[in-house]
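Chemist: Sequence:
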Amino acid sequence: MKPRVLFAGLFHETHTFVDGATAWSDFEVTYGDAILQKLGDASPTDGFLTAAAELGFEVIPTIDARVSPGGIVEDEAFDAFWRGFVERAAPALAARDSEATSRLVRRSAELHLRHITEGGDPFELTTARPLDFGHWAAHRLEELTHFDLRHGEAVAIGLAIDTVYAGRIGRLAAGDGERILACLEALGFDLYHEAMEDPECILAGLDEFREHLGGRLTIMLPTGIGTTCDVHEIDAEAMMAAMATLARRHAGQERLAG
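Take 26 as the starting number for the sequence shown in my numbering and just add one per residue.
A hint or two may mislead.
[Stated by the list, open to error] Distance windows between CB atoms, simulated:
1) Asp223 with Ile97: 49 to 55 Å
2) Ala269 with Thr39: 44 to 50 Å
3) Gly72 with Ala134: 48 to 54 Å
4) Thr248 with Val130: 24 to 30 Å
5) Leu61 with His171: 44 to 50 Å
6) Thr126 with Thr41: 31 to 37 Å
7) Val54 with Leu80: 54 to 60 Å
8) Ser50 with Gly277: 54 to 60 Å
9) Glu99 with Ala59: 20 to 26 Å
10) Val54 with Arg131: 19 to 25 Å
11) Val30 with Ser50: 26 to 32 Å
[What the hints assert, rightly or not] With a straight-line cut-off of 25 Å between C-alpha atoms, the simulated SDA-like cross-links for lysine to any residue are:
12) Lys27 with Glu124
13) Lys27 with Ser127
14) Lys27 with Glu178
15) Lys27 with Asp100
16) Lys27 with Arg121
17) Lys27 with Pro94
The hints are simulated quantities; they were obtained by calculation from the structure and are not laboratory data.
Just so we're clear, the structure is a prediction, and the values are computed from it rather than from any experiment.
Quick reminder that beta carbons are idealized off the backbone N, C-alpha and C, glycines included.
With the hints as extra help, turn the sequences into a complete structure.
Modeler: What follows is the structure, given as structure tokens:
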């Protein structure tokens, strides 16, 4: 079997004397196997593909973004690039590809470090903890299943529940919600467990989570890909409906969009 290498490319020559910034919409973006067609086009991607072929590597292509020289790239463009990479790398991550996994772990650690050093330690300064996203349901599911669900599996379901709930209360567009769920599924996670057949029992985890946080209940919800809000009250009916949506999805009966 050939050794494999994961490819993701972002190419931009920054001219600091140019007025204005470079937005994500300015980039020419290519995904997946279409990137392999860049071989021979005299681009940086071509150089990578040529070297990989000469060295006998199989390339796993995820995302290629390029733009003409211009102003400094907007932060939102880097965020969009990273999200595109994670979505396209999901199958390789699910297959435990070491190259894909090492890149994701490293980048996640960088984001964690940056949040603590630049955004304040979430465990010290606020009641809204980014690292607790999806955890209120996860802790409850672990308890109800006597830990048959591993922590990561339970958190994936918790993320899915809060994602669907955010859509039901008008905080998240259906298309964004579908992207989040599809990415979790591509990573190999099952977004439903039979313990969710009793949604009221799951909801009891909200008060346990409030005690875990200390003080006021604070739940982080997605409002888009990479954006969030904090809520302090939960609509129980909408939350139970979100779990029912995931049950129907598990049965192949419903999707959020597309």
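Chemist: All hints, please: hold or fail.
Modeler: Evaluated hints:
The hint said 49 to 55 Å for the Cβ distance between Asp223 and Ile97, and at roughly 52 Å that hint holds. Distance hint check: the CB atoms of Ala269 and Thr39 are about 49 Å apart, consistent with the given range 44 to 50 Å. Take Gly72 and Ala134: their Cβ atoms lie about 28 Å apart, and the range 48 to 54 Å is violated. For the pair Thr248 and Val130, the beta carbons lie near 26 Å from each other, so the given range of 24 to 30 Å is met.
Distance hint check for Leu61 and His171: the Cβ-Cβ separation is about 47 Å, which falls inside the suggested range of 44 to 50 Å. Between Thr126 and Thr41 the Cβ separation comes to about 35 Å, which falls inside the hinted range of 31 to 37 Å. A C-beta distance of roughly 26 Å is found between Val54 and Leu80, which places it outside the suggested range of 54 to 60 Å. For Ser50 and Gly277, the Cβ-Cβ distance of about 35 Å falls outside the hinted range of 54 to 60 Å, so the restraint is violated.
A beta carbon spacing of about 24 Å between Glu99 and Ala59 agrees with the range 20 to 26 Å that was offered as a hint. For the pair Val54 and Arg131, the beta carbons lie near 23 Å from each other, so the given range of 19 to 25 Å is met. Our hint of 26 to 32 Å for Val30 and Ser50 holds, since their Cβ atoms are close to 29 Å apart. At roughly 13 Å between alpha-carbon atoms, Lys27 and Glu124 fall within 25 Å of each other, so this suggested pair holds.
Restraint check: the Cα-Cα separation between Lys27 and Ser127 comes to about 18 Å, which is no more than 25 Å; the hinted pair holds. Taking the CA atoms of Lys27 and Glu178, the gap is about 31 Å. The hint is violated against a cut of 25 Å. Restraint check for Lys27 and Asp100: not satisfied, since their Cα atoms lie roughly 36 Å apart, outside the 25 Å limit. For the given pair, Lys27 sits about 16 Å from Arg121 by alpha-carbon distance, which is consistent with the 25 Å threshold.
At roughly 36 Å between alpha-carbon atoms, Lys27 and Pro94 are farther apart than 25 Å, so this suggested pair is violated.
Checked against the numbered hints given earlier, this structure breaks hints 3, 7, 8, 14, 15 and 17; the rest are met.
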